[in-house]
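For this one, chain A is given, so just place chain B on it according to the hints.
From first to last, the protein sequence lines stand for chains A and B. Residue numbering for the first sequence follows our numbering, beginning at 1 and increasing consecutively. Residue numbering for the second sequence follows our numbering, beginning at 337 and increasing consecutively.
Be careful, since some hints might not be right.
[Said to hold, decoys possible] Derived BS3-like pairs: lysine-lysine, alpha-carbon spacing no greater than 25 Å straight-line:
1) A:Lys236 / A:Lys180
2) B:Lys525 / A:Lys189
3) B:Lys373 / A:Lys189
Please keep in mind that the hints were generated in silico from the structure rather than gathered at the bench.
In case you want the letters, here they are:
There are 2 protein chains.
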Amino acid sequence: MRNYETFDVEKVTLQSGITLSNARLAYQVHGKLNADKSNAIVYPTRFYGTHEDNQFLIGTDMALNPDRYFIVVPNLTGNGLSSSPSNTSPPHDRSGFPGVTILDNVRLQRRLLRERYGIDRVALVVGWSMAAQQAYHWAALFPDEVERIAPIAGSARTSPHNHVFLEGMKAALTADSAWKGGNYVDPPKTGLRAMGRGWAGWALSQAFYRQHLYRRMGSATVEEFLVEFWEELFLKRDANNMLAQIWTWQHSNISDNDTYMGNYEHALRSISAKAIVMPSETDLYFPPDDSAYEVKHMANAELRIIPSIWGHYAGGAANPDDVAFVNRALRELLAS
Amino acid sequence: MRNYETFDVEKVTLQSGITLSNARLAYQVHGKLNADKSNAIVYPTRFYGTHEDNQFLIGTDMALNPDRYFIVVPNLTGNGLSSSPSNTSPPHDRSGFPGVTILDNVRLQRRLLRERYGIDRVALVVGWSMAAQQAYHWAALFPDEVERIAPIAGSARTSPHNHVFLEGMKAALTADSAWKGGNYVDPPKTGLRAMGRGWAGWALSQAFYRQHLYRRMGSATVEEFLVEFWEELFLKRDANNMLAQIWTWQHSNISDNDTYMGNYEHALRSISAKAIVMPSETDLYFPPDDSAYEVKHMANAELRIIPSIWGHYAGGAANPDDVAFVNRALRELLAS
Numbered sequence: 001m002r003n004y005e006t007f008d009v010e011k012v013t014l015q016s017g018i019t020l021s022n023a024r025l026a027y028q029v030h031g032k033l034n035a036d037k038s039n040a041i042v043y044p045t046r047f048y049g050t051h052e053d054n055q056f057l058i059g060t061d062m063a064l065n066p067d068r069y070f071i072v073v074p075n076l077t078g079n080g081l082s083s084s085p086s087n088t089s090p091p092h093d094r095s096g097f098p099g100v101t102i103l104d105n106v107r108l109q110r111r112l113l114r115e116r117y118g119i120d121r122v123a124l125v126v127g128w129s130m131a132a133q134q135a136y137h138w139a140a141l142f143p144d145e146v147e148r149i150a151p152i153a154g155s156a157r158t159s160p161h162n163h164v165f166l167e168g169m170k171a172a173l174t175a176d177s178a179w180k181g182g183n184y185v186d187p188p189k190t191g192l193r194a195m196g197r198g199w200a201g202w203a204l205s206q207a208f209y210r211q212h213l214y215r216r217m218g219s220a221t222v223e224e225f226l227v228e229f230w231e232e233l234f235l236k237r238d239a240n241n242m243l244a245q246i247w248t249w250q251h252s253n254i255s256d257n258d259t260y261m262g263n264y265e266h267a268l269r270s271i272s273a274k275a276i277v278m279p280s281e282t283d284l285y286f287p288p289d290d291s292a293y294e295v296k297h298m299a300n301a302e303l304r305i306i307p308s309i310w311g312h313y314a315g316g317a318a319n320p321d322d323v324a325f326v327n328r329a330l331r332e333l334l335a336s
Numbered sequence: 337m338r339n340y341e342t343f344d345v346e347k348v349t350l351q352s353g354i355t356l357s358n359a360r361l362a363y364q365v366h367g368k369l370n371a372d373k374s375n376a377i378v379y380p381t382r383f384y385g386t387h388e389d390n391q392f393l394i395g396t397d398m399a400l401n402p403d404r405y406f407i408v409v410p411n412l413t414g415n416g417l418s419s420s421p422s423n424t425s426p427p428h429d430r431s432g433f434p435g436v437t438i439l440d441n442v443r444l445q446r447r448l449l450r451e452r453y454g455i456d457r458v459a460l461v462v463g464w465s466m467a468a469q470q471a472y473h474w475a476a477l478f479p480d481e482v483e484r485i486a487p488i489a490g491s492a493r494t495s496p497h498n499h500v501f502l503e504g505m506k507a508a509l510t511a512d513s514a515w516k517g518g519n520y521v522d523p524p525k526t527g528l529r530a531m532g533r534g535w536a537g538w539a540l541s542q543a544f545y546r547q548h549l550y551r552r553m554g555s556a557t558v559e560e561f562l563v564e565f566w567e568e569l570f571l572k573r574d575a576n577n578m579l580a581q582i583w584t585w586q587h588s589n590i591s592d593n594d595t596y597m598g599n600y601e602h603a604l605r606s607i608s609a610k611a612i613v614m615p616s617e618t619d620l621y622f623p624p625d626d627s628a629y630e631v632k633h634m635a636n637a638e639l640r641i642i643p644s645i646w647g648h649y650a651g652g653a654a655n656p657d658d659v660a661f662v663n664r665a666l667r668e669l670l671a672s
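One chain only, chain A, in its complex shape (with noise of 0.2 Å):
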């Protein structure tokens, strides 16, 4: 039973200039809409994330109170359930889907809210990781219309370290001769396990393994968290969607657009919202050395460092204290 709702586009010309056919844009909603439409929260999801995983910040007793706001979580393309390699027709299937930018995404996310709903003001936009990258673009690309951002662990363009990172995981999916340049019959698992095993030391941080946290997740040993966890995680993935979620990430840059035309530091000054930004202080790609710089260009931003040795996923459900410290804060944002 499908517990989520789809916005199709019929045509959708995407940054790029390419049009892509039959768009789709799944998403779910929680709550109510109010009166004057002025509780909306836009939680869109991560890397290969679907609106399942973002249940973790959404509750009665949450900041993200159901009760009181009406939440949207669109799914990013490329995730298998919004338009994906996976679920497009040709030309734009598998190895042939075009590069969708997180602006494409947050335009067709504006539409659904628009057309669909008719709310064209936003009280929060949040998210962890590619979320965040979300949150930034609406607040630099629609100011007018964000009240308030959270971007968590994630980054107003992707730094040239994030992208030499995904490029090593792309190496390593793509070294495996069953993926046959996208076209592969089977998955390529050998590649799959090996992005897995890769992405583990990414993921988490230095103190994290140091300390053996590997055990809360339900791993006794570092080689039993790299088979059960991470390439398990991976081996369910499809590769072309993740290839095709990658191109997305790297190309993440708020400033990259018609808008801004490259100037990163005058999109920061554009964002109006009021924001608190939360880099996990252990975080490997998204180091809050980055966010601080975010942060001293926009003009009602404060910069909120998650104390954790959990690394990037400090911005995840994996961690009470961290879903604690994140939850406050979006509840300081919202009554603010």
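Relative to the frame of chain A, chain B by itself:
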């Protein structure tokens, strides 16, 4: 023309119990041994480095001055010059090469010094990365024979996170079916390239890329750096040799032997050598926290963090400021 010597041993019993026949230590010497044999420095090699790569710290204007010291540069097994998968006879060739530990190496180095030169005490063991591991092993296993150590961007035991990083690298290399379980005819080029692209993110820091320091290494763009520096570097290397050295790296632990029986703190406390321990502030594989723990348990050690954004490469030859920092510390240590 060969610029190194060899020390050949007919049979070596390894820590594993396996006997390696015709074991070879390739080494280079600089300077002259003095009459009382008190001026010997051991300066081993790093991952896939050779004695050639160690030249940058040696010179008459440097702390490692061949006019004053007798500097022995032993090549680490697996580097293609000392015993390695690529140069050993069956059944120990290629993927049949046995696991050789850091301690196995240090024992061979010690035999070289004693049997060929009559040296039973060294003034200093110094080295970067896997060579720092060798310095720690010298000091922990032969405390009465080592006056000083200077481990640079290395560790006394391989941390779980460092192990995971290496698992990712192995997985990228071996995802290439041309690897054939180590029985490749032609080099697994796709896997070697994937390993190079993956390694690029780990060896240097986020800030290194943020500040575009790859330009100082001769690459105009990140992609050029990945292809011209990283892929080329790994394409020159033998896959089995690298896997042998990764095995050595992953198993590095000063307490994993009959002397210390796994008691890491006991092994650290047994180090009596005067030490200056130099992690790089931004090293993603040997973060300063691990070095601080080591120093805390050592009797005569100082933690001196290299203030650098060159990541792990702060211990190498790439950045003149880092070389100067290390050289000053070595000068001070040798004078004390």
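Evaluation of the provided hints:
Simply put, Lys236 (chain A) and Lys180 (chain A) have alpha-carbon atoms about 18 Å apart, close enough for the 25 Å limit, and the pair holds. Restraint check: the Cα-Cα separation between Lys525 (chain B) and Lys189 (chain A) comes to about 19 Å, which is no more than 25 Å; the hinted pair holds. The hinted pair formed by Lys373 (chain B) and Lys189 (chain A) fails the criterion: a straight-line CA distance of about 58 Å is larger than 25 Å.
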